[in-house]
Structure formats: structure tokens, C-alpha cells
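**Q** So you can see what is in the structure, the chains are spelled out below.
There are 2 protein chains.
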Amino acid sequence: MMTFGFNKLQFLTNPNSMLYSYSTLFQFTKNVFIKMGCSQKDAQLATTVLLSADIRGIDSHGVARLSGYVRLWEAGRINTQPSLKIVHETPSTAVIDGDAGLGLVVSPFAMQVAIQKAQQCGTGWVSVKNSNHFGIAGYHAMMALDYDMIGIAMTNASALVAPTFSIEKMLGTNPIAVAIPAGKQPPFVADFATTTASNGKLEILQRKNEEAPLGWVQNNEGIPTTDAAILKKGGSMLPLGSDREHGSHKGYALGSIVDIFSAVLSGAAYGPWVPPFPAYVPMPQNMPGKGLGHFFGAMRIDAFRPADEFKAHMDNWIERFRAAKPIDNQQKVLIPGDPERDIEALRMKDGIPLLAPVMNDLNSIAIKFGLAEL
Amino acid sequence: MMTFGFNKLQFLTNPNSMLYSYSTLFQFTKNVFIKMGCSQKDAQLATTVLLSADIRGIDSHGVARLSGYVRLWEAGRINTQPSLKIVHETPSTAVIDGDAGLGLVVSPFAMQVAIQKAQQCGTGWVSVKNSNHFGIAGYHAMMALDYDMIGIAMTNASALVAPTFSIEKMLGTNPIAVAIPAGKQPPFVADFATTTASNGKLEILQRKNEEAPLGWVQNNEGIPTTDAAILKKGGSMLPLGSDREHGSHKGYALGSIVDIFSAVLSGAAYGPWVPPFPAYVPMPQNMPGKGLGHFFGAMRIDAFRPADEFKAHMDNWIERFRAAKPIDNQQKVLIPGDPERDIEALRMKDGIPLLAPVMNDLNSIAIKFGLAEL
Chain A
15 MMTFGFNKLQ
25 FLTNPNSMLY
35 SYSTLFQFTK
45 NVFIKMGCSQ
55 KDAQLATTVL
65 LSADIRGIDS
75 HGVARLSGYV
85 RLWEAGRINT
95 QPSLKIVHET
105 PSTAVIDGDA
115 GLGLVVSPFA
125 MQVAIQKAQQ
135 CGTGWVSVKN
145 SNHFGIAGYH
155 AMMALDYDMI
165 GIAMTNASAL
175 VAPTFSIEKM
185 LGTNPIAVAI
195 PAGKQPPFVA
205 DFATTTASNG
215 KLEILQRKNE
225 EAPLGWVQNN
235 EGIPTTDAAI
245 LKKGGSMLPL
255 GSDREHGSHK
265 GYALGSIVDI
275 FSAVLSGAAY
285 GPWVPPFPAY
295 VPMPQNMPGK
305 GLGHFFGAMR
315 IDAFRPADEF
325 KAHMDNWIER
335 FRAAKPIDNQ
345 QKVLIPGDPE
355 RDIEALRMKD
365 GIPLLAPVMN
375 DLNSIAIKFG
385 LAEL
Chain B
15 MMTFGFNKLQ
25 FLTNPNSMLY
35 SYSTLFQFTK
45 NVFIKMGCSQ
55 KDAQLATTVL
65 LSADIRGIDS
75 HGVARLSGYV
85 RLWEAGRINT
95 QPSLKIVHET
105 PSTAVIDGDA
115 GLGLVVSPFA
125 MQVAIQKAQQ
135 CGTGWVSVKN
145 SNHFGIAGYH
155 AMMALDYDMI
165 GIAMTNASAL
175 VAPTFSIEKM
185 LGTNPIAVAI
195 PAGKQPPFVA
205 DFATTTASNG
215 KLEILQRKNE
225 EAPLGWVQNN
235 EGIPTTDAAI
245 LKKGGSMLPL
255 GSDREHGSHK
265 GYALGSIVDI
275 FSAVLSGAAY
285 GPWVPPFPAY
295 VPMPQNMPGK
305 GLGHFFGAMR
315 IDAFRPADEF
325 KAHMDNWIER
335 FRAAKPIDNQ
345 QKVLIPGDPE
355 RDIEALRMKD
365 GIPLLAPVMN
375 DLNSIAIKFG
385 LAEL
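Protein sequences appear in the order of chains A and B.
Going by my numbering, the first residue of the first sequence is number 15, and it counts up by one from there.
Going by my numbering, the first residue of the second sequence is number 15, and it counts up by one from there.
If you're looking for bench data, these hints aren't it; they were derived computationally from the structure.
A couple of the hints might just be wrong.
Copies of the same chain look alike in the list, so a pair counts if it fits in one copy or across any two.
25 Å max Cα-Cα, derived DSS-like pairs, lysine-lysine [to be verified]: (1) K339 x K246; (2) K325 x K346; (3) K304 x K99; (4) K215 x K55; (5) K304 x K325; (6) K346 x K247; (7) K304 x K198; (8) K198 x K382; (9) K339 x K247; (10) K99 x K325; (11) K246 x K382.
Could you put together the complete structure from these sequences and hints?
**A** And the structure:
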């Protein structure tokens, strides 16, 4: 299991985590996708998307999820040879049937369709059904940046979140990402769950046996709690805003919009019917659509004003906001995307830390597929 | 001033407020817009948009603002005979120069352009510069419903909100509205400021001399406070999420996206340079764009799937969410748009309550223009 090869760069302060180089994890992950039946090209793409989470510090959405994808594939819920089809379209829109493929493969295809539509008529909007988890929303939104476009990506997910006034899990953490190009400045990249905190952050607290701040979760009676393991006891996550007085109805509305754009527009399953990520959880009954849903948008900057003019103003916007008077000189104002870019620079240099349970998980996949352990 | 004519339907529990019929307020407001130099048609439209706030219970954005519009017009900052022009376009996009017109008039024009673009190529997206306050975002988004389209509306506004980690007012309350058609069910209509609470709610507490919940505002040192009048003492509003631990960086990102889509895409003023609503506040120096900015979207439902199919699923979505298990049987789960629709039904029947200061304000306008007092 935990062998100490050349690819362990160093221990982190946490003795249960070790650093792996991007290329080591890339090769390992790609081999797993190939063993699952993906083509070379799809395995390369799925790995790039999955690892973009690890590089950017969103550890819950990277290789830590690889074993989950494997189990979904074993359960026959992921098709690694999907035939991706546009099933409905207009000059600026499309609906894509993901044929139960990996969201990591379906989504870049859908985003490319949105980009092509935008090249033709200014903007492109694609809703996707019959897909699976797509990694981090930010990766897909950022695809638009190379084309001088604004990129938008969102997805629904299995229900963990209770609407305002409810104790029933009805929505996923339903993230939204928006990537906006700038000139000299790095791009503006917002990528966030429509809940107070992401499920990944909750899982980390749970693993460390620590408490969650009040406002993240509630128990099965709707009473706020600091128990980070409350989801296993009938509790639920709270929409961004935490409670009615602090605007949770806005977080609930945002999560609902993501669900409707991703799934009701496309024909995917929505609300409490979204297929669960853990393969051992039975599928919901009477599903009103197929698989997970995503929604992508691309807007050509020069469909609104000349791109260089826009970018100069984005630089001005970013510089002005960075210079906003801080509460405390130790912590300057950040632009969305700053923290992830800093982590990316660090991890591409020093390596990606994996916790012992994640390493064990990956090595058990290696054994299953006859691959070299990490 | 407060004369008791036939149009005062009854006192509310608050002895300082009286009820006026919609038609009374409509005629009064329309006459004011005509006195300001609007055409009959524009006065009719501006009144319809403005009063849609009063009907729906968003009192801060309705006739309570009329005197503010009058003062902006007196200061030469509103052009009541604007020449609205599309200054840039593609099949699915346009930028409109509002010619310093009333946002109440510019915005329905812009939304109509978005709708026409959607009729042609599936979706339409319009960014607007050189405009003014546009009333409630929900009105504009809801225009799309009649065409079996999803409507989206957002606007920037003068800076009241500090980004996460900052004490400087950099963003407006920058609302987002999304209207989604259903079948038998009423439409889904979300319309919310990207702050914890709207400025209107804060003003109401201030007027009543009541405290705000912690998490709505901070003082000039960035310390959370319950002082509802703190904005007058160097304080600032907080983005949705309230603090970093509860996701205020997400509210800050949302408000920023609204600002960029509305103003950096169009060429309006953005961030701290947005023109202030009170006419006595001097205009910012070195403005990087013209006036306020808005952003509108229209997406034809049948650009994604047959409209009747979509609507049947929206009915199912709405019915399932309404039936979500409540915390307390006294308060069922609401669908975005429910509270406003309930208030609308009540106010169209019983009348619209106005507080004494608002009545006084309106009557001083009447005197100024030689109109009959309310």
C-alpha cells in the first residue's frame, strides 16, 4: 500500500499526507481510465479535468473521487464508450445526450459546442442530460478564456441540501463557475457551491473529527448544529445564507436555478431524483429524467465590445478591487480565482498532497486493475 | 399634505401608513413622469415598471423612489426624451446606449431586444450602458414569460457593499432576477440582491429605530454591528454569506459578476464609480464608463426542448419542492415568487400601503408640478 518510492517528494506537516508530482498522478489516473475502457483520448481528457481540481486545491473533487467513478462504472452506471449526441439545437443553443458517459468527458465536449455556437452567433448555451459528475465547474468555464469568451458552467448533483423552511434533502450543492478574461491581469474565475460551505469542506472536518461552524448544516429537526457528521444522521446542508434572516432563500433560489437550467431544460433527473454519487446507494424511484444535468455558456467578448477595450477595463476593475481598503493589512482583498491560482503554482512545483485514505483507495484500484501502486 | 380623500381605503395596523388603490397611484405617478417630460407612452411604461415593485411588496423600489427620480432629473442626470440605440450587435447579443434615460424605460426596450434575438436564434443577451435605476429586476425578467422564455435581469447600483476582507464600499446590492415559465403552476420568479439583506430592509429598520441582525452590515473598522444606520457612519453592507466562514466570498463573487456583465461588457460605470442614486451626492471622479449598467437575457424554452414538455416538468419540480418536508407545519416550503404573488393579490384587492414620509414626499412633488395631492 503506502510504499515509499521516488515519487514521494516529501511529507507535509500532516504526517498522513504525502506529496505526489502532477505527472505521477496523471499517468496513474490515465491508466485507470484506460482500464475502465476509455479511449486514449478520453482517458487523457478525463484525467486533465479530474486533476485540475487537485492542482487548484479542491481536493474533494480530484483523485479522491477516482474510486467513486470506478465503483459507478462497476455498477454499470458509467459508459466509458459513450456516443455523445446533440439531440436538439438552434443557432445559439443545444441539448446534448451524454449517453451515461463520464461527466469529465461529456462536459468538455458540451463546452466546445457552446464555444462554436458563440463563434457563429455571439453566444452559445448548452444543457446536458444523461451525464455523470463533471469534476470542478471552473475547469469547463475556463475553457472559454482561450477564445476571448466568458465561460459559464454549472451542474446539479445528488441531494444533500434542504430548501429554506425544510428538513428534506432536495438539492445538490449545485456549483456555478464563471470565468472572465482580463488583459495583463489573470482572469476572474469564480467557482462556488450554492451552499454555505461545500460538501468537501464538511468531509474534511468530519475526517479530522472537528466541528463545523453553525450555519453550515442542520439536524433532522431543522435545528442548526456543529456536528460535521450530521448528514449521516438525517441532517442536511444549508443553502448559501444559512438561515432565512441571512438570506438562505437566495442560496436556495440559486441552487434551484442551477438544477432547472441543468436538468429541466435538458431532460436530466432533477431535485431529489438526481442519481447518487456513491454506487452503493440505490437509484431513486420514478426518475423524471436521465442521469445528471449540466449547463454551459460561452459569450464572445467582442459580441459586446472590442475585446482589447473590455480587457483593459477588466484590468482596471481587478486592480481597483485588489486595492480596496482592507479590514486588516495582513489580508488584502482577493479577486475570485486568486487562491486557486496560488495553490496551482505551489502544487505544480512541490507536488499534490494526498491523505493516507486517498492513497490507500488509489492503491486498491491499482491492485484491482493490475497497475503499479503509487 | 395628508388629506383624507376617497382614495384612502383604510388604515393599516401602522397608523402612519394608509392604503391607496393601484389606479390612484398609477394616475398620480404617470402624471409626474409626464411633467418630467416623458411621452405618454414612456410615462405609462415607467409607471407600470415602478409600481410593479409596490404591488409585489418591494416597497423600497416603488413610488417611494419617485422623488429620487425627480431630483435626478432636476440635476440633469436623467434624460426623459432619450434616443435608445443599439450600438453593437451579433445575432444573439446587443449593447444598448440608454442615452441617460430612465432605467424604467430603457430596460423594457432592452429586454424586448433580447426577446427578439431569442426568437431569431434561441437566446438573446443585452448589456446596457448609460442608464439609470431600473426598478425591480423581477419585472424585466418576467417580460420573457409571455413568450415561453426564461428571462434574466440584473443591474449594478451605487456602491454600498464591501468585498470580503474589505471595509470599502465597492459594489451595489446588484440584484439578479430569473423568471422561469411553468404550466399549471405559477412561474418560478427569483429576484434578490446579492447581499445578505437588501438596502430596502435596512432602511425600514432604520426608520423604525430597530436593530439589524448581525451579519447584515459592518462598521468602518469591519466589525459586525446591529446598527441599522451604520452606512451613515462609514459602515458598509455585507455580501450574501455575511462573513468568510459563511461564504461571503460567494456573495462578493455574485455581485462582481453582475457588475461586470452589466457594466464592463457594456461600457457603463462599474464598482465604486457607479453614479449615486441621491442627486445631492457628487458624481465620482474619473468615471470609466457611462451611467448605470444592466444585463438582460432571454432563452426560448423550445430552443432546448418542446415547451409543453418543459412546463410539465416545471410543474412536477414545483409540486415536489412545495411538498418538501417542512421544519414546522406552520411554514411550508416556498417557491421563489410565491411571497410576492401573494402580496400582489392582496394589494390589488385592498390597496397599496404608503408610509407618512412617502405620502409627504409624493405630495411635495404634486405641489412642485401643480398636480392634485394624493
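**Q** Work down the list of hints and note, for each, if the structure agrees.
**A** Evaluated hints:
1. K339 x K246: between (42 Å within a copy, 18 Å between copies)
2. K325 x K346: within (23 Å within a copy, 47 Å between copies)
3. K304 x K99: Cα proximity of K304 and K99: one copy only (14 Å, versus 44 Å across).
4. K215 x K55: neither (32 Å within a copy, 54 Å between copies)
5. K304 x K325: This pair counts as between: shortest inter-copy Cα distance 17 Å, intra-copy 40 Å.
6. K346 x K247: This pair counts as between: shortest inter-copy Cα distance 23 Å, intra-copy 39 Å.
7. K304 x K198: Between copies only: 24 Å across, 43 Å inside.
8. K198 x K382: This pair counts as neither: shortest intra-copy Cα distance 47 Å, inter-copy 52 Å.
9. K339 x K247: Only across copies: K339 and K247 sit 16 Å apart there, 43 Å inside one copy, limit 25 Å.
10. K99 x K325: between (35 Å within a copy, 24 Å between copies)
11. K246 x K382: Close neither inside one copy (29 Å) nor across copies (65 Å); limit 25 Å.
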